[in-house]
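Colleague: Here is what each chain is made of, one letter per residue.
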Amino acid sequence: MQQFAIQKPKSEVIKVLLIGDNHEDISFIDEMLAKATNAYFDIKPATQLSAGLKCLAQEKIDIILLDLPTSGIHGIADFDRLQAQAVGVPVVVLGGVNDEVLAASALQKGAQDYLIKSQLDSNLLERSIHYVMERQRIQAELEHRTHEWQSLLYSLDNIIKKNPDGIIIVNRKGIVFFVNPVAESLLHRRSDELIGEMFGFPVTSERTNLDIIHKGGGSSTVEMHVVEMEWKGEIVYLASLRDITERKEAQEALQKAYSDLQESQVQLIQLAKMSAVGTLVAGVAHELNNPMMGILNYSQYCLKHTSEDDKLYPVLQDIQQETQRCIDIVKNLLTFSRTEREEESYQKKSCTVILERVLKLLSYRTVQQSVTYHTADGTPEVWMKANGIQQVFLNLISNALDALDGREKEEVHIDIRRNGDFVQVTISDTGVGISPENIQNIFDSFFTTKPVGQGTGLGLSISHSIIEEHGGEITCESESGIGTEFKVLLPIDRRAKRRDQNEKANPSN
Amino acid sequence: MRKQILVIDDDKAVRKSFLLAFEDADYAVDTAESGEKGIEKVQDTKVGLIFLDLKMPGIDGVETLRRIRKLDSDVPIYIVTAFHKAFLDKLGAAAEDGLNFEIISKPIGADKINLLARSVLEKPVEVQ
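So the sequences go chain by chain: A and B.
According to the working numbering, the stretch in the first sequence is residues 213 to 721, in order.
According to the working numbering, the stretch in the second sequence is residues 334 to 461, in order.
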């Protein structure tokens with residue numbers, strides 16, 4: 213088997229360029245190669261270097277045999293000329309014992325073998341030629357492969373550098389091994405600040421968002437995907453980073469737009485509902501006015517013609533009183549349906565003046581309870597529908613007084629001050645407070661926690677719509693068992709008017 | 334001669350309320366259940382005070398007001414209303430046209446009715 217593997221088919225033709233001027237030597241080599249068993253050698257003799265170079269230029273030569281003493285090569289420069297012409301063609305140098313110095317230089321310069329002619333035989337020469345050619349082939353292959361690897365490495369390096377996503381490699385302890393330039397810019401840190409240092413973010417297999425704080429201020433959001441891989445025999449994490457700041461902002465904007473839309477839809481539905489209820493209520497209320505005027509006057513007439521001693525007298529008084537109550541309820545309903553209020557015009561008025569008027573109206577109730585108020589210096593007047601605002605104050609303060617019933621500390625305090633472009637009226641009480649489950653409903657129509665007959669469930673709803681109409685804001689904070697605080701913000705200028713014509717005013721700016 | 338008061342209202346309860354309220358007062362109180370009938374009465378008699386409803390079948394209160402003002406530009410007219418928006422707009426237009434009138438809020442009780450009538454009809458006579 214071994215024997216067979218070494219033996220090549222005789223059909224292989226190896227073109228040999230033999231450079232040398234010694235006829236004896238040439239025929240000697242010729243004979244030796246003719247005895248070769250594994251290949252057929254086609255020998256092209258060239259007596260001088262120049263002829264050899266010419267031959268190289270004309271045909272494809274597999275190997276050059278250089279008879280150094282007779283080749284016309286006298287120095288290494290001549291050998292270089294040959295090498296330059298014979299790229300990829302192996303050279304075997306033949307020479308005598310005396311030629312060793314030059315031969316050594318030739319070997320250094322790329323000659324593949326050096327054979328001493330006196331020791332040469334057919335086998336040695338043939339084997340040398342085969343080995344030399346094989347070595348040449350392997351060398352060429354190696355060069356080719358090396359070149360391929362280099363260009364592959366270059367491409368990979370380019371891919372990593374030019375990849376629009378950042379790439380970072382972190383080991384299990386969180387120490388950074390590698391970053392590409394995009395990762396540097398995404399993380400706002402240079403590679404020398406990263407490599408060998410702790411990454412500082414938890415690296416998990418889940419998709420995570422990193423909040424990057426920039427050195428010069430500002431921040432961005434980077435999305436990170438992580439896969440496990442092996443790096444220099446160690447299990448590490450390969451993280452891919454992508455700037456999603458814009459996407460996140462767009463998403464948030466979209467989310468906000470969506471919830472705004474939902475909210476305005478809810479508001480629209482609520483508005484439509486209220487408008488329908490309002491129309492119904494207004495219609496009913498108007499229809500009730502005439503019969504109530506009848507009952508009122510009939511009972512007054514009867515009272516006038518009944519002796520105060522008569523047992524009918526107090527009953528008639530009750531009729532008159534209850535009728536008056538009906539009239540008040542209907543009036544409230546009409547306010548709620550907005551018909552009455554719309555007729556009032558805006559004027560500059562002081563909240564304190566309105567408050568004092570309300571406190572006078574409520575004076576019959578505020579004997580035991582302590583009601584105090586304070587107006588900060590320089591609080592300006594407000595464009596308002598005075599009757600509307602009076603009703604709001606009346607509702608809020610009546611509610612506050614109601615909440616004090618049976619409390620140890622019975623106090624209501626009203627504070628009036630300027631707050632930016634608004635006047636802020638704060639009404640706080642030490643009452644029972646509103647439970648968390650109720651507080652979200654307090655501005656809803658017909659929502660009441662008061663006993664039957666003591667509340668219509670319209671007071672806060674009406675107050676809310678009056679304040680909204682003014683372009684203001686009404687909010688409530690309450691703690692069960694501690695007390696309640698209502699804050700009313702009224703715009704100082706006439707934005708309420710503008711709001712009717714334009715869009716909804718934003719009280720926060 | 335007793336001063337003449339005219340109540341124009343399609344609702345019997347309202348007309349009757351005025352009649353009962355004025356029972357003991359020294360006024361001649363007449364009523365009309367429509368704008369048309371009210372105008373006829375203004376044509377026939379000298380009226381010192383008119384209470385006028387807004388929402389009525391046939392010609393409404395605002396139209397009645399316009400026609401009465403053509404006959405008598407001075408007689409005090411009190412529009413008795415529950416502030417119904419549709420009519421208030423028309424009333425506003427009438428006011429802009431220079432027609433004079435007052436507004437009182439419905440419902441209204443006997444005391445207020447009498448107080449109002451007295452204040453209109455019993456002004457102190459100016460000394461010439």
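These are calculated hints, taken from the structure and not from any lab test.
For glycine and all other residues, C-beta sits at the position ideal for the given N, C-alpha and C.
Don't take every hint at face value.
[Stated by the list, open to error] In silico lysine to aspartate or glutamate, EDC-like type, Cα no more than 16 Å apart, as pairs: (1) K516(A) <-> D357(B); (2) K345(B) <-> E691(A); (3) K388(B) <-> E622(A); (4) K516(A) <-> E356(B); (5) K516(A) <-> D444(B); (6) K403(B) <-> D444(B).
[To be verified] Facing chain B, a subset of chain A residues (Cβ under 10 Å, in silico): (7) Q295; (8) H498; (9) G506; (10) Y510; (11) Q529; (12) I531; (13) V542; (14) N544.
Colleague: Going back to the hint list, which numbers does this structure go against?
Modeller: Going through the list in order, the structure violates hints 2, 3, 6, 7, 11, 12, 14 and respects the others.
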